[in-house]
Structures are given as structure tokens and as C-alpha cells.
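Protein chains: 2
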Amino acid sequence: MVTKNQIKRIKSLHQKKYRKEFNLFIAEGAKVVQELLNSNFKLEHIYVTENLPFNVESDKISVISESDLKKISALSTANNCLAVFETPIEKRVEFSDWVIALDDIRDPGNLGTIIRLCDWFGIEHLICSSQTVDVYNPKVVQATMGSLSRVNVVYGDLATQIRESKVEHVYGTFMDGDNIYQTSVQEHKGIVVMGNEANGISDEIERLVTRRISIPRFGNTQQTESLNVAMATSIILSELRRS
Amino acid sequence: MVTKNQIKRIKSLHQKKYRKEFNLFIAEGAKVVQELLNSNFKLEHIYVTENLPFNVESDKISVISESDLKKISALSTANNCLAVFETPIEKRVEFSDWVIALDDIRDPGNLGTIIRLCDWFGIEHLICSSQTVDVYNPKVVQATMGSLSRVNVVYGDLATQIRESKVEHVYGTFMDGDNIYQTSVQEHKGIVVMGNEANGISDEIERLVTRRISIPRFGNTQQTESLNVAMATSIILSELRRS
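Going line by line, the protein sequences match chains A and B.
Position one of the first sequence corresponds to residue 1 (UniProt numbering), numbered consecutively onward.
Position one of the second sequence corresponds to residue 1 (UniProt numbering), numbered consecutively onward.
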């Protein structure tokens, strides 16, 4: 059972404003929900349309109708479960390894994919500008496929975060940067800034970059189409880790 | 102006069956349409909601209402233009460089991203199993961002295509494969097989693989979540080209 008021409250979590107000977010699909249950995320409630084998207290799970799930879902095609979790407190960022910095990434799919990549490559911290899409946006949570539980994502003024980190090496990707395949990476820690999908790295952040790198294009170089930011992140992380 | 019959015909192109029957496909958004116009694709007609500066014969462009564009669009949010192009004839695949082989890739976004990656890394030919999502699916066309005009995509029984290519080196990604960062790539041509999102490489294709490779995970290795196939492709292409 889910009451009208509960539906209204859960639907409000599709919006950032109410996620902040209630300190709650939603996750959908058994795989994502299970991964978050296995981690330190604190569950408020799970709504399922069929009996799913989640190991939670019985008062924290409700079987609801498919039409009710559709009402509370943020997906165009609702899954068979939706869970409401408490938003965790941002952890202190450790700069003892590489940290990825996102300068206004707007696309939820890109942020979700970047979080999966961080998880794969063992990057534990992601620092984001305030304008970067919210990590608890339902589409981001969905795209992380559970990796969210293993990557600490922190928001704030990006220039301030980079300055206060006092890290020596700040990499940024630019057209005129050093070819990443010919750039020997001696460093074992630092920050890699990834820029906005349309505008790249902002001027303010560019001034903090200590090494300009680029991913060379091997195809017809007259074409202007650039690599998607998630693809670029995968190639850079691969290069940082392979060495 | 667009007649009811034209709307019906264009909408039918959302389905593979009718794309095959009419030998036509649709592309949406000024950027994608312009890239296809710049290439060898043969235009049938462009429908726009405002005057856009396409350099085409006047009888090949029509200004239509936003509500009509919405009717013919395959996107959840229609753009400001939609063009109908003729499906080109598949070109003969040349195996003088690396060729990517897709073993039942089902997600349009993944195929679109892989085509963009091929374009970036100068891979000219992509061979696909018959069950791989159709490259002229509107969501794939959209995700390629115009790269479609620079990559030859061919469909057919994948085992037959690989066998008939007579290439010496067929790479495939498996959990137990050689670490790609420690695998020296001496070859300058061959085939790299990328497997289905859920099931990986099929048994039939696995038997044709001459070298098993793997992308090592650097994060918590107890987690089962794998890399998305498009991410894996970007890392492998980066490794093949960097050497």
C-alpha cells in the first residue's frame, strides 16, 4: 500500500529541491537497490510490485500495484522496485590518489557513466562544481548501476575545492595539450579536470591547470566532432592507471 | 506542409521493417542532418520548423508546424528539423586495418557511441551480427552525432563474416584474458570482437577468437559490475592506437 501523500512525497524526490529538503533520494531496479542496500546507504523504504528477495525488515518493504509504481517512478518504463534512501553526508575528500573534478557536467548519463568509470579504475573521490548535475538525480542513480555506493561525490565551488586541496598536479584536457599517449605520467596523485559538454573547461578553472593534455584524434582530423566527456574520461583514466 | 500520408510514411521509418522496405531512414537535429548532407548520403527531404540555412534545392525542404514535427519525430523531445535520407549500400569491408565486430549489441546508445569512437580512432569498418541493433534506428543515428557518415557498418552472420575475412588476429574480451596493458600489440590489423551487453561473446564467436584479452579492474575487485561495452571499446581502441 502506498498513500496519496506518500506518492506525492516520493514524486517530489524527482526534483533536486525536495531531495535537499528531505535528505532523501530514490533508486530504481533490483540491481541498483541491492547494491545500495549492500553498502552504507540508509534505507527508508522499498516499494515492489512483486515479492523480491531483499533482506530488510518487513516494515520497510511494501508491495504496491504496477500503476502506483508507475506514478512514483522517474523512469519512462518503470521497473519492478523503487527504494527511498537517505542522502549520505559527503565524506572528506582525500587527495592521496587521483581525483576527478567535473566542471559543470550537465548530462545525467555522463555523470552516471563517469561514476562507474571511477569505480572501475579505483578512483574514490569525485569533486564537482555546484552547477554539475546532482548525483542523486534519478537518472544519474540509474546510470551508475550501483557504483554510487563506492565513489564519494562532493559538490561546491570547483576553484575553491582545487585551491584548498593544495595538490601539485592539475591536469586538464585541451585541444592544444600534450598528446596523452606521449605524456609520461610520473605522478601518482593529482586532479584531472573534465569540462562541460558544450563549453569545455571554464576560464577560471583553466588558470588552475598545471598540465594541458589532449587525446589525439586518429580519424579524419578535419572533422570537428569531439569525444563525449565520458569517453574522454575512460581514456584518460586508462592512461593514468596503465602506467 | 506535410500531408497525412507523408506523416504516416515518415513515422513508419521508426520501424526497421519499413526502413528496409523503403530504403530510407530519418535523422534529427541540425548538426546530425548537416553532417549527413556534407557526406555521400542522398537526401530525400528535410522538414524544418524554422528557416535553417541548409544548402539544398528548395523542393527538398519544407517548413512545417511544431506539432507536425512532433508527429514525425522519434525523439521524446522533437528538435527543429528532421531529414529523410536514402539508406546507402553497404560498402565492401577492407581488413587492412583493425575492424570492430559487434556480437549482438542491443542498446542503440551503445552502438551510436561505438560508431563515434570508431570515427575518432579512424576505424573505418564495423561488422555486426544480424541481431545487433539497426544502425538506422533513429536513436542510433542520433547518438552517432554525424559520425555515421564516416564509418561503414555492415550486417550479416558474424561467424561467416569473420571466417571469410581470413584475418589472422581476432581479439576478444574475456574475464580470463591477458591484461590489455601488458599485452604488446604487434599487429596492425585484425578484428576486435565486442560482446553482447548481458551475455558477452557467444560460444560460436568465442571459438574464432585467437587472442583473449581483458581490461583489468583497479577498484574493489569483489564487485561484479562490469564496464559498459562502449567504455570497454574506448579503452581497447585507445590501447590499439597508442602503440
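No lab work stands behind these hints, which were simulated from the structure alone.
For clarity, every value in this text was computed on a predicted model and none was experimentally measured.
Some hints could be false.
Copies of the same chain look alike in the list, so a pair counts if it fits in one copy or across any two.
[What the hints assert, rightly or not] Below, computed lysine-lysine pairings styled on BS3-like, alpha-carbon distance capped at 27 Å:
#, residue 1, residue 2
1, K189, K11
2, K189, K20
3, K11, K166
4, K166, K91
5, K16, K91
Hint-by-hint comparison with the structure:
| no. | hint | in the structure |
| --- | --- | --- |
| 1 | K189 to K11 | neither (41 Å within a copy, 52 Å between copies) |
| 2 | K189 to K20 | neither (32 Å within a copy, 53 Å between copies) |
| 3 | K11 to K166 | neither (41 Å within a copy, 56 Å between copies) |
| 4 | K166 to K91 | within (18 Å within a copy, 54 Å between copies) |
| 5 | K16 to K91 | within (20 Å within a copy, 48 Å between copies) |
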